[in-house]
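Spelled out, the chains give:
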Amino acid sequence: MSVELKNIHFSYGQVKALRGVSLSLNKGATGLLGPNGAGKSTLLKVMLGFLPPDEGEGQILGYDLRTEQKLIRQQVGYMPEDECYIPGMDAVTFTSYLGELSGLPRQEAIKRAHEVLFYVGLGESRYRLIDTYSAGMRQRLKLAQALVHDPKILFLDEPTSNLDPTGRQEILELIGEIASSQEISVLICSHILADIELICDQVIIINQGQIAASGRIEDLRMINYQLYELKVKGEIEPFRQELAARGCRIEETEDRLVKIYTPPDFNSLEIFRAAARNRLQIRQFIRSQSSLEDLFARVVGVD
Amino acid sequence: MATIREKGYHHWEGRLKEKPRAFWPIIRTGIKLAFERRRFKLLFAFSFVPAVVYGVGVYVSERLEDFKFMAQGAEKTLQVNPNFFKSYLTLDIIYFMILLLMSLGGAGLMADDFKHKAVQLYFSRPLTKLDYLFGKAGVVMFFVGVLTLVPGILLLILKLLFSGSFNFFLNYPWLLLSIIFYSAFLMLFFAIFVLFCSSLSNNRNYAIAIMWSIYIFSDILGAILKGIFRSPYSSLLSIKANLGQVGAAFFLLKPPYDYPWYLSLLTLSLFSILAYVAINRKVRGVEVIR
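Protein sequences appear in the order of chains A and B.
If you count the first sequence from 1, position 50 lands on 50 in our numbering, and the numbers rise without skipping.
Remember, our numbering sits 1000 above the position in the second sequence when you count from 1.
There may be inaccurate statements among the hints.
Straight-line Cα separation of at most 30 Å, BS3-like style, residue types lysine-lysine; simulated pairs [to be verified]: (1) K45(A) - K152(A); (2) K70(A) - K1032(B); (3) K111(A) - K1129(B); (4) K1226(B) - K45(A); (5) K1226(B) - K1254(B); (6) K16(A) - K6(A); (7) K1017(B) - K111(A); (8) K1115(B) - K70(A); (9) K1019(B) - K152(A); (10) K1282(B) - K1115(B); (11) K27(A) - K6(A).
Here are some chain A residues pointing at chain B (derived, C-beta under 8 Å) [claimed, not checked]: (12) C84; (13) I86; (14) G88; (15) E100; (16) I178.
FYI, nobody ran anything at the bench for these hints, they're computed from the structure.
Note that beta-carbon positions come from the ideal geometry of N, C-alpha and C, so glycine has one too.
Based on the provided sequences and hints, a complete structural model is requested.
Here it is in structure tokens:
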């Protein structure tokens, strides 16, 4: 187990940012999702050992959260969301410098810097001043500095922001490769749910300082709700009202496709019965694959 | 035989070590970055002019007979004694050069990190706040040491070499310690002063302006108040005057101002403590991860 947190509480003064967070992280890629102010950043800070929890305990790679923060940070690679760099340096100097600060011997740090810069696709421009880099190149550089000391866990905060579609695809492939074929756990914090869906097999959804859902994406989809897609003929409003009263969420797309999200214990026959009562003709009925976006909206309680 | 490796990510096969001097790469890189500026290199070379002049002074003082034609009446000025070393280390031009060098190589030490949000990169490493601050302070201390400690000791060695005996050293056995301790004091004070100014802004140009403003206006304010109140204690407001006063004490000489030297030491210490608290708060206040 890479990360094991038990009942973590943390408050900023009177504001409770984390309220009894318990989670475990295995090898592979895990997405960390949540609306703004949900406690994602605070959770990352706690896991990096910056904030000592008020309550609870935890271990990162077997190191205690409260007492072995330096050892944790030595084994963790962190890619911040912000565009951050040290001006006046070229990419090799920058990456090797941060590798050295992580505990690599100087010569090894330089060697590793070259390797990871080639890996993230900055090999040709590694001697250029970072100040002259484009936003996308800086994003790759942030990934390089997170990888330079060969961490056991990678925390990636919005890894695909500022990237064009091609760059985004390339970065996602790199992350996917790291997560799938290497012995590295990757925790990705992103607002782009499609990215998470593409490379993560697990997800943690945090809301109001609590874990709202966690587990394999496939499992969560099944547990939390079912999605049915219908094509109907007739007046939809009474049908909608009846199902909404029974805990379903109904959306209608522009091409008159009706999406019905039902609660976990809802019997799908009830949809037909409601349609019959409201004299609505069902012309198509498909049990559909729900997206992560749907899951997120459902768990967090937003449309 | 070299192995052919597959394209892709490779693990590092070594073992990460917890470094006891984690600040050392920060010092080394800070110095290296300063020297990458061409203007800094020129200024750095120029800042040794006072030391060279004093070195010539040491030589001439030992060869007064040879230089009689050009050093007439200069016997008193060219006396190499503790006052000679103190005067070098408390020269206005030395402080001026330190500030000038730090404008190019020190003002951005923290300001640039704040501006480019690099602080979080440092603290996501196994570094403590003290490692970070000591690393940054080390850069300033290096340059101040190069302008004070190194020439001070070299001048002493030159004096011994040119005089051809150890008499001077035996007459003033404490002089070496005075040079070392006063230089160390300057290194520490300027490190805190420069980092304080650098931490006050995210823009290195503002940090430079703050640095010069504090240094110059403290002196002007001291002079104005001295003019109004006719009290020597007004000079306690001047950084330059306080440094001179403390310098005299380190060299066991009469202080230039008519008040006890320890008041100057107290003033500078108080300023340094407050500056350190401010730096500490500023670094703590940085959001490591948003």
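Now for the hints, and whether the structure bears them out:
The straight-line distance between the Cα atoms of K45(A) and K152(A) is roughly 17 Å, inside the 30 Å bound, and the hint therefore holds. With a C-alpha separation of about 27 Å, the suggested pair K70(A) and K1032(B) falls inside the 30 Å cut-off, and the hint holds. This hinted pair checks out: K111(A) and K1129(B) have alpha carbons roughly 28 Å apart, not beyond 30 Å. In summary, the hint linking K1226(B) to K45(A) is not supported, as the alpha carbons are separated by about 52 Å, beyond the 30 Å threshold.
Distance restraint check for K1226(B) and K1254(B): the Cα-Cα separation of roughly 20 Å lies within the 30 Å cut-off, and the hinted pair is therefore satisfied. For a cut-off of 30 Å, the pair hint linking K16(A) to K6(A) stands: about 16 Å separates their Cα positions. Between the alpha carbons of K1017(B) and K111(A) the distance comes to roughly 17 Å, so the proposed pair stays at or under 30 Å and holds. A C-alpha spacing of about 25 Å is found between K1115(B) and K70(A), which places the hinted pair at or below 30 Å, so the restraint holds.
With a C-alpha separation of about 19 Å, the suggested pair K1019(B) and K152(A) falls inside the 30 Å cut-off, and the hint holds. Distance restraint check for K1282(B) and K1115(B): the Cα-Cα separation of roughly 13 Å lies within the 30 Å cut-off, and the hinted pair is therefore satisfied. Taking the CA atoms of K27(A) and K6(A), the gap is near 19 Å; set against the 30 Å cutoff, the hint holds. Interface hint status for C84(A): upheld, as the beta-carbon distance to the closest one in chain B is roughly 4 Å, under 8 Å.
The interface hint given for I86(A) holds, since its Cβ lies 5 Å from the closest Cβ of chain B, which is under the 8 Å cut-off. With its C-beta approaching chain B no nearer than about 5 Å, G88(A) sits inside the 8 Å limit, and its interface hint holds. For E100(A), the interface hint holds, since its Cβ comes within 8 Å of a Cβ in chain B; the closest pair sits about 5 Å apart. Interface hint status for I178(A): upheld, as the beta-carbon distance to the closest one in chain B is roughly 6 Å, under 8 Å.
The structure does not agree with numbered hint 4 stated previously, though it agrees with all others.
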